[in-house]
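Enquirer: One letter stands for each residue in the lines below.
2 protein chains.
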Amino acid sequence: MSEPIGRPGGRTARVRTAVLEATGDALARNGLHGLDLADIAAQAGVGKTTVYRRWGSGPALVADLLVDMAEQSSPRVETGSLLGDLEANARLVRKTLDDPRQGPLFAAIIAAATCDQRTAEALQHFYDVRIDEWTPCVEQAIERGEVPAGTDSVAVIRAVSAPLYYHLLTRTDQISEHVADTAAAAAETAAKAGVFAID
Amino acid sequence: MSEPIGRPGGRTARVRTAVLEATGDALARNGLHGLDLADIAAQAGVGKTTVYRRWGSGPALVADLLVDMAEQSSPRVETGSLLGDLEANARLVRKTLDDPRQGPLFAAIIAAATCDQRTAEALQHFYDVRIDEWTPCVEQAIERGEVPAGTDSVAVIRAVSAPLYYHLLTRTDQISEHVADTAAAAAETAAKAGVFAID
Chain A
1 MSEPIGRPGG RTARVRTAVL EATGDALARN GLHGLDLADI AAQAGVGKTT VYRRWGSGPA
61 LVADLLVDMA EQSSPRVETG SLLGDLEANA RLVRKTLDDP RQGPLFAAII AAATCDQRTA
121 EALQHFYDVR IDEWTPCVEQ AIERGEVPAG TDSVAVIRAV SAPLYYHLLT RTDQISEHVA
181 DTAAAAAETA AKAGVFAID
Chain B
1 MSEPIGRPGG RTARVRTAVL EATGDALARN GLHGLDLADI AAQAGVGKTT VYRRWGSGPA
61 LVADLLVDMA EQSSPRVETG SLLGDLEANA RLVRKTLDDP RQGPLFAAII AAATCDQRTA
121 EALQHFYDVR IDEWTPCVEQ AIERGEVPAG TDSVAVIRAV SAPLYYHLLT RTDQISEHVA
181 DTAAAAAETA AKAGVFAID
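For the protein sequence lines, the chains are A and B, in the order given.
The UniProt record's numbering applies: residue 1 is where the first sequence begins, and numbers increase by one.
The UniProt record's numbering applies: residue 1 is where the second sequence begins, and numbers increase by one.
The list treats identical chains as one, so a pair stands whether inside a single copy or across any two.
In silico DMTMM-like pairs for lysine to aspartate or glutamate, Cα to Cα no more than 25 Å straight-line:
1. K95 - E177
2. K192 - E146
3. K192 - D181
4. K95 - D64
5. K95 - D116
Just so you know, these hints were derived from the structure itself, not from any lab.
All chains should be built: construct the whole structure from the sequences, respecting the hints.
Expert: In structure tokens form, the structure reads like this:
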């Protein structure tokens, strides 16, 4: 009996996993120029026709990879204080961007997004998902009275990530833990002072 | 009498100006894939051989463009307060990144830096120059007693730019003046609280 197509965990899912892993490897290794569909099919051990039929283009592969990355990302940590939560977030982002595979992968995807609208939209959606995962830590800080009511939780979480991505993309040295902790402390201090409060 | 080669403002300088303008136009219009030396020579009205002999490669052109961009950049503004100075800096960065030519040009150069070491080093040098232009506003704030002695002036200036570049590279909407002013206010508040002080 042949396996039903589309069953979760079945052949369709295994093909997707293999193709997206090969896509991530190619981007991490060769940057945004590494996206050759035939190479990726060969690397994934999947027929070229399957990759062309199911994804059809490099940007479509990257968009699907970003959906998968959002699903696979680590869940939020709760430490009981805003500073602790933002530090946990900053260290997680730093660990990702400093990782020898993940760092170049993110840089390549961001580079690809500068020259492809579909990739740019998929990337924005990826960050929307990641930010939604972490905004409750700001909402809890509002409930605890740590930061003013009306604080823009999205802006706070983005303020933590920004210095780490800026470092990845404009500097050639590694991102230190000090940079991550400073990003968290700066965002927390500004949030407590009401800088991110919406009038 | 033929014009002396290399005289400032002479033929050599005019060729460089034309070639770098064509390079910037190509990057802003076509992204990092737009760097064809023959096209750039034609666009600049310069012989192909001159461009190949003098620059030789796309990354060399981008590196020289970054040197020129650093030289042409606006000087620092002095307002008498750290918040005023950082707001002026944030608004200048925002104006640049929101500009229909400059925004795509910066995005393309940052994308090019993710896949070329020489471009990455030239980009880092460009930001070093720009940061050096603005760090005196933090040093003056230390002298005025606005922020603690030992505040890392480079970290403060980078904290102002980071959210604006992060927005440019991860979002598809424009950067509002609110985002710029919030970046300045967050950096100033954190600096005053000693977050950027080096122990």
